[in-house]
Every structure is written in C-alpha cells, then in structure tokens.
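A.B. asks: Below, each chain spelled out in residue letters.
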Amino acid sequence: MTRLPTLAAWRAKPFATTAKAGGRLVIVAANAPAEAAGIAPGQVLADARALEPGLRVTAADPSADGSALAALADGLTRYTPWVAVDEQGGGGARGALLDITGCAHLFGGEAALLADLVGRLERCGFAARAAVASSAGAAWAIARFAPHDRLIIAPGAEGQALAALPVAALRLPAETAGKLERLGLRRIGALYTLPQAPLARRFGSLVGRRLDQALGRVQEPISPRRPVEPWRLQLAFAEPIAQRQDIAAATEHLTAALCRRLAEEMKGARRLVLALYRVDGTLARAEIGTSRPVRETKHLMRLFAEKLDGLDAGLGLDLLALSAPVVEPLAASQSGLLACANEAALPALAALVDRLANRLGASEVRRLVPVASHLPERAQRAAPALASAGAAEAPWRKRRPRPLRLFTRPQPVDAIAPVPDDPPLLFRWREQLHRIRRADGPERIAGEWWQGSAPAQAEVRDYYRVEDEAGRRFWLYREGLYHPERRPRWFLHGLFA
Amino acid sequence: MSYRHDLVSVEALKSRILALEGAWQGVGRHEEARPAAPLGLEPLDRALPWGGLPTACLHEVSAGAAADGAVAGFAAYLLARLSAAAGRRQSAVLWCAAGDGLYGPGLAAYGLDTHRLILVRGRRQADLLWALEEALRSGALAAVLGEIEEADLTATRRLQLAAEAGRTTALLLRPPGGKPAPSAAVTAWRTAAAPSGAAPWGAGLGRERWRLELVRCRGGLPRQWLVEWNDEANRLAVAAEFRDRSVDAPTDARRLAG
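So the sequences go chain by chain: A and B.
Sequential numbering from 1 applies to the first sequence in the numbering used here.
Sequential numbering from 1001 applies to the second sequence in the numbering used here.
Everything labelled a hint here was simulated from the structure, so no lab data went into it.
For clarity, every value in this text was computed on a predicted model and none was experimentally measured.
Any given hint might turn out to be false.
[Claimed, not checked] With a straight-line cut-off of 20 angstroms between C-alpha atoms, the simulated EDC-like cross-links for lysine to aspartate or glutamate are:
#  : chain 1 : residue 1 : chain 2 : residue 2
1  : A       : K307      : B       : D1113
2  : A       : K13       : A       : E122
3  : B       : K1179     : B       : E1213
4  : A       : K298      : A       : D312
5  : A       : K307      : A       : D246
6  : A       : K13       : A       : E52
7  : A       : K307      : B       : E1134
8  : A       : K267      : A       : E328
9  : A       : K398      : B       : D1113
10 : A       : K398      : B       : E1232
11 : A       : K398      : B       : D1231
12 : A       : K298      : B       : E1134
Working from the sequences, and respecting the hints, build out all of it.
C.D. replies: See below:
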C-alpha cells in the first residue's frame, strides 16, 4: 500500500525503507518496482532480499514522515480550511482528512477536485489515493481498500460501497480485525445484519462505533490542524509566480480586498496571516501584527514588505491566501499613550510601533505601567506600547525616592556593615569596591505574604540609599531581620542618578 | 527669460547652499537657525549658541564611569524637556536599549511622563540602529534615545540625517570608557556623578549632583558645570560653589586649541 516518493532516478529501481521489529529488520515501505517483485510492508528484510537481490534499503524515519505529512496537509488547505492529519495508520497508510463540504463547486465538482488533488500530489512525487464520501470513515476505507474506478460515493450509498471491503477498512486495531476474520467475518457487509449487543460484548464498543461512523449514522467531526478563520481571501494563479514584486502586487490586491470587507463591517485587523502555497505542495507563511485595529492597505503593505523580503518562494507560488485571525472593532476607546498623541500624530505613531514590533517582536516594544504594589520589582509592568490602559491609569507613587534603573534580579554584593541596623560602610560589586560616604535609611519593605509567594521573597528587606566617594548612588538592601547567629545577606537592587 | 541681478536672491542662494552643505557634511554656518528646546537652566542655555538644546539633530551623552546612574538621569531630564518643548502634536519619546531595567517610578521623578515613553529592546546593535533610524524618520516622536555600545562616523551621520529628515531629536547614550570616536553629533556631553553637598535636614544624603561637561559643541565652546537636582522643585540648578567660575577659564581655551 505505502509507496515511497522517490527521486526519478530511484523510481525505476526497487527500493524500500526498513525498521527494527523484534530484533529483525522489517520492510516499512516499498516503491513500485519493489512491489512488483513481490515485496510488501511487514516482510522481513532477508525474505525481501531473497525475492529481489538488487533491493536498496534505508532506515525509515517516522518523524520526517510525520513532518512531511504535516507540510502536505498545510498545502492541502488550498482546497478547504478543514484539514486534519489522520494519525491512525491501522491497516493502511497515514493520510489527511479534508472536509470539502461546500468547497467542491469551486473546483468544478467533486470529481474535478479529486483529480486536481491527486494530480498535484503526483507531480510532487507522491503516489496518492483519495476518495470522497459523506462520512470520514467511509472515505478513509474507500481510499485505502476500494478498486480504482469507484472512489466517489454518492450520499446514502456508503453501505453498498463498503459491503465488499475487508473489516480492516473500519479503522480497527489489527488484533480486533484478526479476531473478526477468524470468526469468518471477513467483509464489512457481514457485520450489517449482526445484532449490535453481542458484537459489543465480544469485541468492545469500537467495532459498532466504527461501523456507525463509516455509514454516517454518527457524526465524526474533523478537527483542523490550524484554526479555521472566517476572514479569509485567496487568489490563485494560472502560472506560478516567484518574483518578489509579483508576490507583493498579489498581496496588495488581497489586502485591499480584505480592507474593503473590514470597512463594510466597521472592523480592523490586529493580525494577518499570508499563506503562500508553493507548487511543490508545501506552504510558507508570513505573519504581521498591529498594535491597534487597522484597515489601511498602505499601512499593512509596509508591514508585509519586510516579511516578503526574507521569503523563499521555492519553484513558484500558485495560490495566495490572506486571513485575519484577530479582528476587532475599529472604534475602540483610547487612553494612555494614544490619549497623549492627538489625532493627527496617531497614524504615524501607530505605524512606527507596528514596524518596530514586527521586526523586533511585539514583546520588545512596550511602555511601563504602574502597579499598586509596594514591592519595588512589582510596582511596574510592561504593557504593549499602544494598548489602552483600561480605567484611569494610577500615577506612580512618589512618596519615597526610587532608583532610575532597577535590576530584575537583585545582585548579591559583599558588604561590611555594623550590626544590627546601620547602613554598610563599604561593598564590593562587579570587582569594584565602593566606600560609602553618606547613606539614608533604612526603609523597611515587607514581603507580600498574602500573595503566597516563595518564602525567600516573603522576607523583610531593609533598603538603604547610599552614596560612594565618587557620588554614585546605589539602592542596597539587607535581607531578613537581624539575627545574631546569621550573617546578613546584602543585595544591590538599583542605581540612582 | 529675463535675469535680474538681485542681491537678495544671491543672498538667498548663498544661504541655501550653506544649508545644503550643512545637511550633507554635518558642518555649516546656519547653526544658529536651528530650533531649540530650552534646558531650563540659564547658564547651560547661554553656553549653547542656539539658546537651548537644538532639536531635529543628534546629540551624544557619554557616561563618566561604570555603575554611574547620572547619565540616565540627565538623559531622562533631557527627554522630559524635549517632550515638553515639542508640544502636544508629537510629545511621545522613545528609549532604545539592548536590555531592560529602566524603572518607571525613578524616571517619573525626573519629569519624564512614562505615558509618553515607548521602550524598545533590540538584542543586536544593528537592530538598535535600525530602530533608531526608523523612529527618527517617522516624525511621530519628540525625541529618540539610543543606548549604543559603538557607533562609527557613518552610523552617526545616518542618524543625524534621519533626525533632520524627521524633525526629531536624537540622543545617543555612550558607555563609559569608550574611545572618543569621530561623530556627526551637534553636541557631545559627558556626565558623571559628583559627591553631594550637605543634606538639607542635616543627616543622610544631600541633593544629588552631576558633573556636566559639554565636550563638543558646533559653534560653541566646551564648558563644565556642577549641577544639582532639586527633587522637591523637580528642576536642575547650578551648585553653589561653581556658580562664579569663569566660563573662559584657561583650561577651556586649551581644550579648544587641542
């Protein structure tokens, strides 16, 4: 069943992949010439060599197979966004499941879609079989076990189509299928007339469920690999395009169309994903984010321009799809930074923030927002640069002097201080000795014990503002309350100007 | 087409040529024409030929020593002044650095409104320079500050041109101990902490003091001041014992000649 996609030069010669099973090398997959010589998956390598002495083998790589299948499944989203990778390889090859409800007419009907899909995969070097049916279970069985000329099953005809197929076509574990066969239940049709209850008692509920799923008596939803987006537009090309300017022009066309749709619904996009389908069946993605809802083609195209520069078009692209996974109403309330800039400056500011965020990452462009906490390291947090801060933003607490730079992790220092409560006389930090000339303190800051933080963080800290001989100012603290038997630990937490 | 010998138009042409030279070579005699933001400290504003810190061009501030917070303090003060001078139209400022560690409560103490401050983090120097140039050219900001390890003459020239194109002031913070590199900056400063005077209440720390040095200034002379930050009035003042120091001291003249 499994055939290998191989290079043209290798296709003509018998070739197979092997894996270890029970101390022996067993064939996992074989190409067409090898199959013609009688080699089949599951055979021991020695037997296969006896049949075909010229057989070339290599070790199977399941993870590479998996990622190749995932890339193919991404490529198949050109037909429908509902694509899932089918991991249960029991009784046949792994594959992909596509829900083409409402999509077939776009490709000229089910038969045309099927021919296009199989032809495309064949051009990429894959030997593929595909079937269309009203239930995922039936399509799965037909694609793997039915003869070549009956791959499209009309709604309601599943029972008839499946009757002649082996029970393994019901996606049953090999063990269950074997038991059924030993009892003479070789064909699916033989199960139709049997009462369900004894069947379930003997073989578990799986057989009945799989049968119901295959016949469409129970719904079996496909969960797509990637979320399906309601805001999606695509553009197909008769001839593959590879030039950057062509791709940019096509992207602009799609972006403009999307922006028109967004304008109609008074919305703006916060995130856009451009999917570029290469002719070899794989998919490249370019993603941009904006700091506020946007529906200006020019703004979005400037963001895409950066991403298109580093894009590998491969042998060419034959389909572009633009989707907007995150869409928000455009008339959002504004505060914070936005409230400070007036209307005229806002577009320029937002465009700048988006450009910076798209190149450096959204987490790298932010602003500081006060938090009501008296622990110094919790008194601020980073917010997205243009995010509205919600309710009226509290001002910074100004009662006590605070340093200009605060270390995220307080730096341990060696300090000499008279006991129990005096500021240090000198301390060493980064190989440099600082003699303290003046000091202020202590300011005692207790841990936020009600937050359930770690015991070390819950310790009391005594902060001192100190100035060394050169006039440099530091924020030092001693951790914990004074204890005669414990050596106090000192930390440098910040630098004053 | 008739050609008129018009003195006024010749003058206009001359000034235009000078302006072009200034823009392209980084030197020119149209310096006085630059718009400026007053620093709010009379001796400093008087020492600068523009009556304040000129906007829409590049300035450098270097640190005097390691672990010295004075540079960041002076930079925060400058950003606050530039933001205030730019008005509501473009009052936002941007701070680019390789790491984080800026502390909002501390910045706010120097008059810098953190609502208007965008922080940008770039891991590589190339990213930082790119971000600075983008921000300068956008014209959406009052000032852009970059903490840069190394910037050569080409890089500073690019920043200077971007600052002029976007009418945005650029500040470059240099680490301590760096070699004095050629730069296209219009002014260059060095800032270091200085021991504080007596505390206002007797014990403890006095008001913090910085030694400000105007190292280089187009069309102006190098100067030094000892300034004091008044955290109650939120303003700078020249420290008492340096107030009468002659601005044309011989040391300054030597520095100019060398």
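A.B. asks: Indicate, hint by hint, whether the structure satisfies it.
C.D. replies: Okay, the hints, checked on the actual structure:
The straight-line distance between the Cα atoms of A:K307 and B:D1113 is roughly 34 angstroms, outside the 20 angstroms bound, and the hint therefore fails. About 18 angstroms separates the Cα atoms of A:K13 and A:E122, which keeps this hinted pair within 20 angstroms; it holds. The hinted pair formed by B:K1179 and B:E1213 meets the criterion: a straight-line CA distance of about 16 angstroms does not exceed 20 angstroms. Proposed proximity of A:K298 and A:D312 is contradicted: the alpha carbons are some 23 angstroms apart, above 20 angstroms.
A threshold of 20 angstroms between alpha carbons decides the hint, and for A:K307 with A:D246 the separation of about 14 angstroms falls inside it, so the pair holds. For a cut-off of 20 angstroms, the pair hint linking A:K13 to A:E52 stands: about 11 angstroms separates their Cα positions. Proposed proximity of A:K307 and B:E1134 is supported: the alpha carbons are some 16 angstroms apart, at most 20 angstroms. Using a Cα cut-off of 20 angstroms, the hinted pair A:K267 and A:E328 holds, with the two alpha carbons roughly 6 angstroms apart.
A C-alpha spacing of about 13 angstroms is found between A:K398 and B:D1113, which places the hinted pair at or below 20 angstroms, so the restraint holds. Proximity of A:K398 to B:E1232 is assessed by CA-CA distance (about 11 angstroms); at most 20 angstroms being required, the pair is judged to hold. Taken as a hint, the A:K398 and B:D1231 pair is honoured in the structure, with Cα atoms around 11 angstroms apart against an allowance of 20 angstroms. Taking the CA atoms of A:K298 and B:E1134, the gap is near 17 angstroms; set against the 20 angstroms cutoff, the hint holds.
When the structure is compared with the earlier hints, violations turn up for hints 1, 4 and for no others.
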